[in-house]
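Construct all of the structure, not just a fragment, from the sequences and the given hints.
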Amino acid sequence: MDDRSLVATVLDGDRDAFRILVEREQVAVYRACLRILGRPHDAEDVAQESFVMAYRALGSYRGDGPLGGWLMRIATRHAFRRLGQRRDAAELNPEIGLSAPASDPLTALLSGERERAVRLAVAGLREPYREVVALRFFGELSLDAIATATGRPLNTVKTHLRRGLERLRADLGREVAA
Amino acid sequence: MSRSPFDPSEVGGGLDPRDPAVEELERYATIATDQAPADLADRVMSAVAAEPTPRRGLLAWLTTPPSAGRPFARFARVTALAATLVLAVAGALYAGELAQLVRDFTVGSSSEPSPSVTESFEPSPSESVSPTPSVTPEESESESPAESGEPSEIPTSTPRPSTSQPSPTGQPSPTGSEEESKSPSPSQTPTETASPTPTST
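Here the protein sequences come in this chain order: A and B.
Oh and the first sequence: position 55 is 38 in our numbering, straight run, nothing missing.
In short: position in the second sequence from 1, add 2, done, that's our numbering.
Treat the hints loosely; a few may be bogus.
[Unchecked claim] So these bits of chain B aren't anywhere near chain A, every CB distance computed over 10 Å:
1. V13
2. V80
3. A82
4. L83
5. A85
6. L89
7. A97
8. E99
9. R105
10. T108
[Stated by the list, open to error] Chain B regions said to be covered by chain A (calculated; three or more residues, Cβ under 8 Å):
11. 22 to 35
12. 39 to 52
FYI, nobody ran anything at the bench for these hints, they're computed from the structure.
The beta carbon of each residue, even a glycine, is placed where N, CA and C say it ideally should be.
Here it is in structure tokens:
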């Protein structure tokens, strides 16, 4: 079933058709949320909420691009918003690394700090660079899919990605130096 | 789900194949490859069960949450729609005011002049007629030029009542003749002819 037919079926009142979309996209959506937030529990919540938001907004999907890209855009925006709320609150617990637990606690701590630096550097980018970088590296969308999902020309997306990486390089360099 | 690693050639050149930012992002993305929880789809569907069926068209567009779709494009469209409505209402009000102003101006210009013209011209015949019988034009003509010092054309050409009034009394009063000639109101002429005049002085 293609995306248009799937959406039309859901809009006709068949909620179970939405499960097809969820099962097809849940891994990509969850991973993107996990890469942005760095915490599995938060990523689960945000992924679930993103699917519900997508369900509510399904009538506004115009079918001019893959449904996965449209959904990924909703999820990454929601995850960055949640990250901003989380950063506003006081964080007493240190970040835990996403990589496999190391036998050496110091290695695990350094790895966790490095991952955190990447997350914060991406989150600290200005729009539209943050969105393009996140959709490409965290959502793993192709540049064509990003261009379709965001409604921007492909060359504009390439320029945004190149500039986003340049700024990210500078930010990560400062983090490493610090 | 297989990863699609980033290739620097995707951006069309100008990027170092060993860009440190790309390497960091790729390394991080490779680490964070956890599978979604097994019950995620069930949780989503149980949450969706409590939601009403999504709406289509304009209603869906207006009720779409800001994070879905293109929030800034939608904000711009809503702003443009609101601005258009405000301009339309303001334009209609302004056009109404303008029409009212034009109508008032048209009605006012046609009605106002008519009474003023009739009032100004009506007294003149009564004034000119009433004094003439009681006046002797020969004496007034000979006296008034000498008193006023004005050119001789005025008295000779117009034997008006103002110049003729002092004549019955026999005393030339320049002030009285000037006031009478300036005020053409009919109410003044009878009093002037009666009071003067000559009897009190």
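Which hint numbers doesn't this structure obey? 1
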